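Number of protein chains: 2
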Amino acid sequence: MSQFLDIFKGIKSCCPPIWFMRQAGRYLPEYLEVRKRCKGFLDLCYNPELAAEVTLQPLKRFPLDAAIIFSDILVIPHALGQKVSFEEGTGPKLDPLSLDSFEERLTFKNFFKNAAPVYQTIHLTKSRLSPSKALIGFAGAPWTLALYMIEGEGSRDFAKAKGQAFENEKVFTALLDYLSEVVSLHLIEQVKAGVQTLQLFDTWAGLCPATHFEKWITSPTRKIVSNLSEAFPNLPFIGFPKGIGTNLGEYVTQTKISGVSLDISTPISWATENLPSSLILEGNLDPVLLVAGGESLKKAIFSIHEEMQGRPYIFNLGHGILPQTPPSHVETCVQIVKGLR
Amino acid sequence: MSQFLDIFKGIKSCCPPIWFMRQAGRYLPEYLEVRKRCKGFLDLCYNPELAAEVTLQPLKRFPLDAAIIFSDILVIPHALGQKVSFEEGTGPKLDPLSLDSFEERLTFKNFFKNAAPVYQTIHLTKSRLSPSKALIGFAGAPWTLALYMIEGEGSRDFAKAKGQAFENEKVFTALLDYLSEVVSLHLIEQVKAGVQTLQLFDTWAGLCPATHFEKWITSPTRKIVSNLSEAFPNLPFIGFPKGIGTNLGEYVTQTKISGVSLDISTPISWATENLPSSLILEGNLDPVLLVAGGESLKKAIFSIHEEMQGRPYIFNLGHGILPQTPPSHVETCVQIVKGLR
Chain A
87 MSQFLDIFKG
97 IKSCCPPIWF
107 MRQAGRYLPE
117 YLEVRKRCKG
127 FLDLCYNPEL
137 AAEVTLQPLK
147 RFPLDAAIIF
157 SDILVIPHAL
167 GQKVSFEEGT
177 GPKLDPLSLD
187 SFEERLTFKN
197 FFKNAAPVYQ
207 TIHLTKSRLS
217 PSKALIGFAG
227 APWTLALYMI
237 EGEGSRDFAK
247 AKGQAFENEK
257 VFTALLDYLS
267 EVVSLHLIEQ
277 VKAGVQTLQL
287 FDTWAGLCPA
297 THFEKWITSP
307 TRKIVSNLSE
317 AFPNLPFIGF
327 PKGIGTNLGE
337 YVTQTKISGV
347 SLDISTPISW
357 ATENLPSSLI
367 LEGNLDPVLL
377 VAGGESLKKA
387 IFSIHEEMQG
397 RPYIFNLGHG
407 ILPQTPPSHV
417 ETCVQIVKGL
427 R
Chain B
87 MSQFLDIFKG
97 IKSCCPPIWF
107 MRQAGRYLPE
117 YLEVRKRCKG
127 FLDLCYNPEL
137 AAEVTLQPLK
147 RFPLDAAIIF
157 SDILVIPHAL
167 GQKVSFEEGT
177 GPKLDPLSLD
187 SFEERLTFKN
197 FFKNAAPVYQ
207 TIHLTKSRLS
217 PSKALIGFAG
227 APWTLALYMI
237 EGEGSRDFAK
247 AKGQAFENEK
257 VFTALLDYLS
267 EVVSLHLIEQ
277 VKAGVQTLQL
287 FDTWAGLCPA
297 THFEKWITSP
307 TRKIVSNLSE
317 AFPNLPFIGF
327 PKGIGTNLGE
337 YVTQTKISGV
347 SLDISTPISW
357 ATENLPSSLI
367 LEGNLDPVLL
377 VAGGESLKKA
387 IFSIHEEMQG
397 RPYIFNLGHG
407 ILPQTPPSHV
417 ETCVQIVKGL
427 R
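Protein chains in written order, with our numbering: chain A, 87 to 427; chain B, 87 to 427.
Extracted from the complex, chain A is given alone in its bound form:
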């Protein structure tokens, strides 16, 4: 029934299914309207009625093949008891976690209660979503979560968090183990609530030194994929290890993930040549092209399709939609992709 889910069953459809990372968000005036009605960004994430509305907004405008639940990767630290806030223009602020005391500071006790609005959002959204559209759940990968949790904010190099990780590798690995379990439980609950596919965002994979890649990226991701496939065999699961570079092959083989979202710098030709043919590729239009529009956007869409060489894939961006994106360019992009054969 769903073109998106069919891809993972080996059923090729007429044209690639399409969705966009951050498709529900600041580039849509109707999102900004809803956003105004909530004091903080997290209030919106935790308001099932509004979060469901926002989740469905892009699908009302564009014939997308999937909705991704409106939430945030920092819901996990927040539901574990860490203080998280979002200030306009400065990005997320967390009460920084000290690695030494993470076991006392974090507690799973109220996790499901705290995160309950997310599952309610899924429930509500699912009931309003056409069965021809897939509903995507997501979480941040342990590495990316741990960086934010220790650093306390976004950063170009996350030097403080990485410093603590290097100085106390054993405890950092324990934190990643802990987060792997929490992420697994959060994702399992999302599937129970109605999502049909998952995406794991490892936004800062490119900041992991190659020497620690197996321990800090692959191993936690493998655990999560394994937990999920134990609970739900054949559930499509897409990884997005941004900036992972030449480690992508290892990542795919070791984690046994069923799909991978390519960042803008990964050539599709490299992916088709070097990654297993059973793997579902997703990507990888430069979000700036969606801002630019025009001939360069068209050319890039055709180029992605051509490079995929008939292999089934999901059309997406190589990173999230930028706030300054004109919705009309998104519409053009979807129309072109829907016409690809």
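Identical chains blur together in the list; that is why a pair holds if it fits in one copy or across any two.
In silico EDC-like pairs for lysine to aspartate or glutamate, Cα to Cα no more than 20 Å straight-line: (1) Lys256 to Glu381; (2) Lys301 to Glu392; (3) Lys301 to Glu381; (4) Lys195 to Glu275; (5) Lys385 to Glu255; (6) Lys122 to Glu135; (7) Lys301 to Glu393; (8) Lys385 to Glu300; (9) Lys385 to Glu253.
The set of hints was computed from the structure by calculation and includes no laboratory data. Computed from a prediction, not measured in an experiment: that's the story for all the values here.
Chain A is already provided as a structure; the job is to place chain B on it using the hints.
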């Protein structure tokens, strides 16, 4: 005579030569002392006496094998007539270039006059540097320079600059061509003044979409390498295309560069297996490890050496030294590397 230069002649020395990106800089108290004596950061870059002093500071403290001239990649736009300033804490600010008018806005007329202090710095430094130490000159690669010149400041995604590039590919390519020539001339002049090897910094290579990689990264770099090797055959030339990921093999083959500096996410094992054996590898300690120090630093140094498997290489970081780095950790690192066999 120089262990660093010997590497490029196929002469292996007892232990890998070592230097650090940003080895002259804010982590050194003696640098901060000199910096105080100049009003702006560019005043320091353009003061041959002080710039030479700062260039040599790290070599007075540590037995490094090379000095890299104290300058900045934004000297090029500045010497072409673009307004450039550095404000404390906020990074560089440029009077943004509009792509349409770059030919009127930039002029090469006074370039050599404007950049003369850089060549004088080289001259001065060379006269004071032991012949056993190599002197490194450098420039920013056209792609990275163009991003700063159009965006007008540092950015996480350089969406404005990339947007203009996509919307007007022809003019953007012309700008890259122009910058390739300017970078070549600036580097040639540096060699004439006394540098014995070059490094080309393409800090934002990871922001180039794979589809435009040949046009915007490889092709300009190839032109520069070709211009330099025409003027100075056998001159060692190291590229640093940060975040280039799986495109690194193409970059090396297409540009005919003699060395490549690996970023932290590139596994050395990947490089030794996939890059030509004649290529000199440089790298790739995580700068955060130099901040952390201790056992994790030691372990990482030994791991790099082991992974290089006897192949001649230059020990370096995977990116620049962080300002919060304790100089004592730098000393420890150099000592360990000097003891590697």
